[in-house]
Amino acid sequence: MTAPTTAMAASATAPGADVSSVVVTDHLSKWYGQVIGLNDVSLTIGRGVTGLLGPNGAGKSTLLKLITGQLKASKGSLKVLDQPVWGNPAIYLRMGVCPEQDAFYDRMTGLEWLMALLRLQGYHDGEARETAFAALEQVDLKEAADKRIGAYSKGMRQRVKLAQAIAHQPEFLVLDEPLSGMDPLARRKTIRLLRGWAADGRSIVVSSHVLHEIEALTSNILLMHNGRVLAEGNVHQIRDLIDEHPHTVRMRAKDPRRLARELVSSADVLSVRFEADLVFVETAKPDMFYARLTEMAANGSSGEIFEVTSPDDNLQAVFEYLVKS
Amino acid sequence: MRRPPTFVNATARVFDVAVGQLLWSRRTMFMVLAVTAPILIAVILRASDAMGVSALRVNGQQVGGPVMFGGMIWLLYLRFIVPVLGTFYGTALIADEVEDRTITYLFTRPIPRGAIVVGKYLAYLVCTILVVLPSVTAVYLLITPIGGGGIGETFPMLLIDLGILALGLAVYGAVFAFVGARVPRPLVAGLVLVFGWEQIALLVPGYLRRFTVAYYLQALVPHAMPQDDAVSAIESLFSQAPPAQSSVLWLLGILVVALCLAAHTLQTREYVLEQ
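Line by line, the protein sequences give chains A and B.
At position 188 of the first sequence the residue is numbered 188 (the numbering used here), and the sequence of numbers has no breaks.
At position 55 of the second sequence the residue is numbered 55 (the numbering used here), and the sequence of numbers has no breaks.
Please note: incorrect hints may appear among the correct ones.
As the list claims (entries may be wrong) - Examples of chain B residues lying across from chain A (beta carbon under 8 Å, computed): (1) Ala10; (2) Arg13; (3) Val17; (4) Asp100; (5) Thr102; (6) Thr104; (7) Tyr105; (8) Phe107; (9) Pro110; (10) Ile111; (11) Val272.
Stated by the list, open to error - Over 12 Å on every C-beta distance to chain A, these chain B residues come out as not near it, computed from the model: (12) Thr36; (13) Ile103; (14) Ala166; (15) Leu167; (16) Val183; (17) Leu187; (18) Ala189; (19) Pro205; (20) Phe211; (21) Val221; (22) Leu255.
If you are wondering where the hints come from, they were derived from the structure by calculation, not from laboratory data.
From the three backbone atoms N, C-alpha and C, an ideal C-beta is built for every residue, glycine too.
Based on the sequences and whatever the hints tell you, model everything.
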């Protein structure tokens, strides 16, 4: 991994017409009035899976919104798949977007929603229905295809959001916190799906504030902090740093006490606390913890786990340490 | 590679989605109430007439059904229901998607943003017309026979009224679609425009009234008003109205300009910033 620096990422590639890249930015900046969202970023994101990692407010979402054409650059240039993206709707034939927000047309069923969006992609009715079913099947929602999205659980909503992004088989996927709120089994399946997607030669840019999630998908990451790219490269060095800091995981479970009993016996758990149906666990070894949690969810020893999230502040301390160093 | 939908196709597909959204929106109950109220008023007037109680008299003379109907068209529908529906629905076309943060799904499709505006606008128009025009027809059938008015002879006037109302819904909808795309709190801005600006500008002599939709709509109202001091004041407004043909042209011009501005706003605005 490139050494952390407070200046522009040392490893950032000079822009150019690189056909092996999916995103090329040149001195890209975005201001929100007086606030800087992204600060003079020049980088090249190559094909394959790239993870954007950073704490809350690092600039990940700003960069993704620029890449997906929802924001216009204040300064600098940006090309996606060798094309400008702002004001270029044709690019969405090749790009799929899974936004961060938990926002839907709640009265529509998952199938109706996907069909409507596929028709906007240029699919005819019959074709849209078939393709929507296939996408719902990929995210394990075929059984819930005719259920209203408003009645979906958080994890199901995350999955249907992913389904709309992949349904039209884009060559480039942009995913903003795609695993947030999913239960352990859905996370595992989604990670498998995305790995398979990348193995087919497609590219993915995925953002997260949880290293474990990114690491499960790729070892190629961009570290962001305060609107800049701190470093890019292999994940292992930052992983060691992160492992030294306690990591908080929030879980919503059917039987929180049973879950806590199962978890607390392990050496990787530092503390456990309750809040209604929520269990908060502080762990020093998130990798080990997440692996065990997935196993427990799979064999049912801890009862049903509905939702797993990781608060934004986990990475903050690590990034402050990186910036200072 | 698959080709993106044409503008017309994209508009039709946005329309399909938007019709369902509009019908199930939070504002639907309001629209039902708004169009039911005149029917209730008409029922009361008809019942009064049937019981021999003359509901409305001017200078001691009973006001006939067709005149009453004309008054309701102008005062209730054109001056209240149509602008209010235009405000509530027009401002919501884009603003609701922004507020609910669902606009991202539309903006990340290979369709021009202008098609989103036009598709949603057409859905608004179809929904409101389908609700308002039957309400007007019901009021017409209830009120026209009062005082011996004949339905057959005044029927062409009903058709003209329905056309005026449809045009009113179309123009107000386009204006407020633009307001909804441009202004952060569009409903408040829309209500201020309808109940503030339009009311004041119509009362002020001079050119100010030319900058209202109501000024051109009132020129199209064909009904003779009953003679009375108060009503004469209303009539004076009509007498200052422009010719019907030029009013129609002005209204169509406002409609086209407002829709183009709404489409341009959607094309250039970064809505994510407002979320």
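Now the hints, each set against the structure:
1. Ala10: Holds: closest Cβ of chain A sits about 7 Å from alanine 10 (chain B), inside 8 Å.
2. Arg13: holds, 5 Å
3. Val17: With Cβ-Cβ at 5 Å, under 8 Å, it holds.
4. Asp100: With a closest approach of 6 Å, the aspartate 100 (chain B) hint holds.
5. Thr102: holds, 5 Å
6. Thr104: At about 5 Å, which falls below the 8 Å cut-off, the nearest Cβ of chain A leaves the hint on threonine 104 (chain B) intact, so it holds.
7. Tyr105: holds, 6 Å
8. Phe107: holds, 6 Å
9. Pro110: holds, 4 Å
10. Ile111: Holds, about 6 Å.
11. Val272: Constraint on valine 272 (chain B) satisfied, holds at 5 Å.
12. Thr36: holds, 23 Å
13. Ile103: violated, 9 Å
14. Ala166: Non-interface label on alanine 166 (chain B) holds, nearest chain A Cβ at 27 Å vs cutoff 12 Å.
15. Leu167: Leucine 167 (chain B) is indeed farther than 12 Å from all Cβ atoms of chain A, at 30 Å.
16. Val183: Answer for valine 183 (chain B): holds, closest chain A Cβ roughly 18 Å.
17. Leu187: Non-interface label on leucine 187 (chain B) holds, nearest chain A Cβ at 20 Å vs cutoff 12 Å.
18. Ala189: holds, 22 Å
19. Pro205: holds, 43 Å
20. Phe211: holds, 32 Å
21. Val221: holds, 38 Å
22. Leu255: Consistent with the label, leucine 255 (chain B) stays out of reach of chain A, its closest Cβ about 25 Å off (over 12 Å).
When held up to the earlier numbered hints, the structure conflicts with hint 13 and nothing else.
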